Structure formats: C-alpha cells, structure tokens
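K.L.:
Sequence:
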Amino acid sequence: MQRELELTVCLQEQYHPVKVKWTTERCAVCRWVEDWDYNKMVICNRCQIAVHQECYGVRKLQNFASWVCRACETLDIKRECYLCPVKGGALKPTTTGQFWVHVTCAWFSREASFLNDETMEPADGILNIRTKHFLQVCVVCKQMHGACIQCCKCQMQYHAMCASRAGYAMELHCFYRNGNQMTRMISYCASHKAPNPDAAIIMKTPEGKISTKHGIREMAIGSVLSATSNGTDNSESVSNHS
Numbered sequence: 258m259q260r261e262l263e264l265t266v267c268l269q270e271q272y273h274p275v276k277v278k279w280t281t282e283r284c285a286v287c288r289w290v291e292d293w294d295y296n297k298m299v300i301c302n303r304c305q306i307a308v309h310q311e312c313y314g315v316r317k318l319q320n321f322a323s324w325v326c327r328a329c330e331t332l333d334i335k336r337e338c339y340l341c342p343v344k345g346g347a348l349k350p351t352t353t354g355q356f357w358v359h360v361t362c363a364w365f366s367r368e369a370s371f372l373n374d375e376t377m378e379p380a381d382g383i384l385n386i387r388t389k390h391f392l393q394v395c396v397v398c399k400q401m402h403g404a405c406i407q408c409c410k411c412q413m414q415y416h417a418m419c420a421s422r423a424g425y426a427m428e429l430h431c432f433y434r435n436g437n438q439m440t441r442m443i444s445y446c447a448s449h450k451a452p453n454p455d456a457a458i459i460m461k462t463p464e465g466k467i468s469t470k471h472g473i474r475e476m477a478i479g480s481v482l483s484a485t486s487n488g489t490d491n492s493e494s495v496s497n498h499s
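For the sequence shown, my numbering begins at 258 and goes up steadily by one.
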C-alpha cells in the first residue's frame with residue numbers, strides 16, 4: 258500500500274499528455290499492418306484502435322463488429338497508462354486496480370508480466386518497478402512521467418510507447434536456456450539504430466528473423482511475454498516460458 262501511494266505521488270506531477278491519432282490500419286501493439294486468418298486485426302467499436310487478436314489477448318473473439326477494448330468497456334472512467342504519457346492505445350488492467358498499462362509498456366518492462374497468458378491480463382509486477390525509472394526524462398517526449406526503459410547499447414532512456422511511436426528498433430529475441438524457452442525484449446535508441454516511422458516489433462529466433470506473418474502464431478507471443486520476468490540488466494527484459 259505504501260509503495261502504491263509513493264508511485265501515485267510521482268505520477269501526480271504536471272505533464273503534457275502525448276496525444277496520438279491511432280490508425281485502424283496498424284496494430285497498436287506490434288505495429289504490423291498485416292493480419293491473417295489465424296490472427297485477425299480487430300478494431301474497437303468506440304475508440305477505433307486496431308490490435309491483432311494475439312497481441313491483445315482476444316484470440317477467441319468471434320463478433321468483431323461489436324468488439325470494444327478493455328479501456329472502453331467503462332466509458333465513465335478515464336483509463337491512462339501508468340508507465341508513459343501517451344494517451345489511448347491498447348490498454349490493459351493491472352493487479353493494482355487504479356493503474357492501467359499499454360501492452361507494449363508492460364512487454365518491455367523488466368518487472369512486469371501478464372498473469373493470464375491467454376487474455377493477457379492483468380499485468381502484474383507494476384509496483385516492483387524501481388522508483389529511479391520514474392525519475393528519468395524520456396528522450397522522445399522530453400518528460401518525466403511514467404517509467405523509462407533503457408537502450409540495450411547505452412544509457413539512453415525513453416518510454417517504451419514513445420519509442421515504439423517514434424519508430425525505434427524494438428525486438429524480441431527467442432532462445433533456449435537449460436531446456437526452457439526464454440524471450441529477451443530489447444530496444445535501441447536513435448543513435449544505435451536509425452528510427453523508421455514504419456518500424457514494427459521484430460522477433461528473432463536462433464534460426465533467424467521472424468516476421469509477424471510467419472511467426473507470431475507459432476511463438477504464441479502473448480504467452481511468451483506473459484511469463485515471470487527475471488532479467489538482470491535494465492537494458493533488456495527477459496522472460497522465461499516453460
């Protein structure tokens with residue numbers, strides 16, 4: 258409870274919300290524009306964000322026409338991401354009731370994980386994020402609001418969602434350790450990889466690079482990323498999927 262109060266105070270500092278025009282043509286999570294028979298793009302009937310079924314944890318969805326995202330289920334309550342200043346987007350509840358997070362922000366946070374790998378909610382471990390990450394200024398939005406992640410090559414800090422929107426290189430590296438499947442989430446600042454406005458999250462395996470088109474179903478991206486995080490370096494987030 259004390260930790261929750263401390264972080265609530267941190268987030269009450271004045272900031273400028275980053276307003277985004279979300280497109281219905283690109284997934285708000287992985288940023289790929291393609292969709293497939295086994296992994297359709299679905300659009301919220303209220304806020305108009307688009308997400309892949311697997312990226313948002315709605316794999317069993319049948320009625321696409323009337324679907325609303327989790328944040329739009331309660332219109333009388335305004336949902337905002339606890340980890341960044343970007344408004345709207347693919348938000349999910351956390352185990353700390355008042356806090357919500359972007360799926361992308363949770364994915365790239367070392368401490369966070371999703372308790373249910375099928376629905377990809379609620380996000381857990383949010384209160385375990387160290388205070389120092391909330392005291393960093395994002396090089397993209399130039400603000401100290403939410404928790405920053407770090408470039409895997411240097412000390413540059415930025416919000417995961419700000420980096421994604423700015424076209425920073427963001428990657429999921431899948432590998433095996435002691436027979437267990439692991440996924441390392443890494444990102445690069447603008448100095449170490451040139452940003453691309455059309456960039457999407459790339460997945461890599463020991464066999465090579467995998468695009469969403471050929472790999473997302475097999476890798477079960479939601480379940481891989483929902484495992485307990487156990488990374489040891491702030492520059493990358495590591496999850497164990499057994």
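Treat the hints with care, since some could be wrong.
[Said to hold, decoys possible] Derived lysine-lysine pairs resembling DSS-like cross-links, with alpha carbons at most 30 Å apart: (1) K317 - K399; (2) K297 - K278; (3) K344 - K410; (4) K410 - K335.
[Said to hold, decoys possible] With beta-carbon atoms standing in for the labels, derived distance ranges: (5) H449 - E291: 23 to 33 Å; (6) K461 - N373: 33 to 43 Å; (7) S323 - R387: 33 to 43 Å; (8) W293 - Q355: 33 to 43 Å; (9) V325 - K410: 16 to 26 Å; (10) E270 - Y295: 24 to 34 Å; (11) L332 - V277: 12 to 22 Å; (12) K461 - R260: 15 to 25 Å; (13) V394 - W293: 14 to 24 Å; (14) N453 - W293: 29 to 39 Å; (15) L332 - K278: 12 to 22 Å.
By construction, these hints were calculated from the structure, which means they are not laboratory data. On a predicted model such as this, the values are computed, not experimentally measured, just so you know. The C-beta atom is built at its ideal place from N, Cα and C for all residues, glycine as well.
K.L.:
Has the hinted range 29 to 39 Å been met by the Cβ atoms of N453 and W293?
P.N.:
23 Å, violated
K.L.:
Hint check: K344 vs K410, CA-CA at most 30 Å. Holds or violated?
P.N.:
Satisfied, since the Cα-Cα distance of roughly 28 Å is no more than 30 Å.
K.L.:
Using the Cβ atoms, figure out if H449 sits within 23 to 33 Å of E291.
P.N.:
Since H449 and E291 have Cβ atoms about 27 Å apart, the given range 23 to 33 Å holds.
K.L.:
Note whether the CB distance of L332 and V277 lies within 12 to 22 Å or breaks it.
P.N.:
Given a distance of about 19 Å, which is inside 12 to 22 Å, the answer is holds.
K.L.:
Just tell me: holds or violated, for the beta carbon distance of E270 and Y295 against 24 to 34 Å?
P.N.:
44 Å, violated
K.L.:
Please check whether V325 and K410 have a Cβ separation lying inside 16 to 26 Å.
P.N.:
40 Å, violated
K.L.:
Does the Cβ distance between S323 and R387 fall inside 33 to 43 Å?
P.N.:
41 Å, holds
K.L.:
Would you mind confirming whether the straight-line C-alpha gap from K410 to K335 stays at or under 30 Å?
P.N.:
36 Å, violated
K.L.:
Falls inside 33 to 43 Å, the C-beta gap from K461 to N373?
P.N.:
26 Å, violated
K.L.:
Taking 15 to 25 Å as the stated bounds, is the beta-carbon spacing between K461 and R260 within them?
P.N.:
For K461 and R260 the Cβ distance comes to about 35 Å; the hint is violated.
K.L.:
Tell me if the beta carbons of W293 and Q355 are separated by a distance inside 33 to 43 Å.
P.N.:
With Cβ atoms ~36 Å apart, the hint holds.
K.L.:
Could you see if the CB distance from V394 to W293 stays within 14 to 24 Å?
P.N.:
With a Cβ separation near 39 Å, V394 and W293 fall outside 14 to 24 Å, so the hint is violated.
The earlier numbered hints that this structure contradicts are 1, 4, 6, 9, 10, 12, 13 and 14.
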